[in-house]
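Colleague: These are the residues of each chain, in order.
There are 2 protein chains.
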Amino acid sequence: MPSTTEAEARTASAPAGAHDGPVTLINKFEVDPARDEAFRELWERTSRYFRERPGFVRLRLHRAVSPDASYRWVNVAQWESLECFQAAHDTDEFRRLVTLHAWREFPSSPALYEVVLEHAAADAA
Amino acid sequence: MPSTTEAEARTASAPAGAHDGPVTLINKFEVDPARDEAFRELWERTSRYFRERPGFVRLRLHRAVSPDASYRWVNVAQWESLECFQAAHDTDEFRRLVTLHAWREFPSSPALYEVVLEHAAADAA
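Just so you know, the protein sequences line up as chains A and B, in that order. If you read the first sequence in this note's numbering, its first letter stands for residue 8, the second for the next number, and so on. If you read the second sequence in this note's numbering, its first letter stands for residue 8, the second for the next number, and so on.
Keep in mind the hints are simulated off the structure, nothing from the lab. Please note that a few of the clues may not be correct.
From the structure, some residues in chain A lie toward chain B, with a derived Cβ separation under 8 Å [stated by the list, open to error]:
| id | residue |
| --- | --- |
| 1 | 21 |
| 2 | 73 |
| 3 | 81 |
| 4 | 125 |
Partial list, derived from the structure: chain A residues whose beta carbon lies under 10 Å from chain B [claimed, not checked]:
| id | residue |
| --- | --- |
| 5 | 63 |
| 6 | 69 |
| 7 | 74 |
| 8 | 109 |
Derived Cβ-Cβ restraints for the label pairs, each shown as a range [stated by the list, open to error]:
| id | chain 1 | residue 1 | chain 2 | residue 2 | range |
| --- | --- | --- | --- | --- | --- |
| 9 | B | 111 | A | 61 | 36 to 46 Å |
| 10 | A | 22 | B | 24 | 18 to 28 Å |
| 11 | A | 90 | B | 97 | 22 to 32 Å |
| 12 | B | 23 | A | 27 | 43 to 53 Å |
Remember, predicted model here, so these are calculated numbers, not experimental data. Even glycine gets a Cβ: it sits at the ideal position worked out from N, Cα and C.
Next up, chain A with everything else stripped away, as it sits in the complex:
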């Protein structure tokens, strides 16, 4: 799926069937470096809503240090389950937040993942 500025495509699509276990949203944003602060302010305002929903586990917001990164900002957010993720995206408040006009400046490309494997350094395990 290409990046989009359409509100209805701001939510990662879900699998047709059920999904067991945690899910991770990886949402990539195209941002002009000169607009970093505007993006961050808007993103913080929106993410506050998600952080208070049942089933939210953790998020990390990343900014590129590679100068040629296609996506300058990437949010990686873990949720307890697909059901919790979907419930948080099926509210009037969510629709209000993603339809804020300011978002049109920052195309996004969201998708849902599962963690297939994880490795930690021996001394960090």
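Use these hints to put chain B onto chain A, whose structure you have.
Modeller: Here is chain B on its own, set in the frame of chain A:
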């Protein structure tokens, strides 16, 4: 930077100057679902090398549950520093691994990031 199958572009580009603190590689792969097992086997073989390098912290390999995800597999790998990341990518063994012919089937799009902010759910903090 678009996805590539070129060996020399398999490494995320680094900033021109120094960078303080940890870095996170986010590397996205285009994979035909029918080739998941072949990709995973190849990726595991390559990642073993990185997991044993100084400064490697942790990685999570993600597979899409969204049916329309542009990138079916995404590796998110934390390193202690830019210097450690670069040292691990400046060896003959690294070049041997990324020039394996089998990689040509799986275009990738790597970029380096820093974590700008992190939030955990109140009961997970």
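Colleague: Which constraints among the numbered hints does this structure fail? Numbers only, ascending.
Modeller: Hints 8, 10, 11 are the ones this structure does not satisfy, whereas the remaining hints hold.
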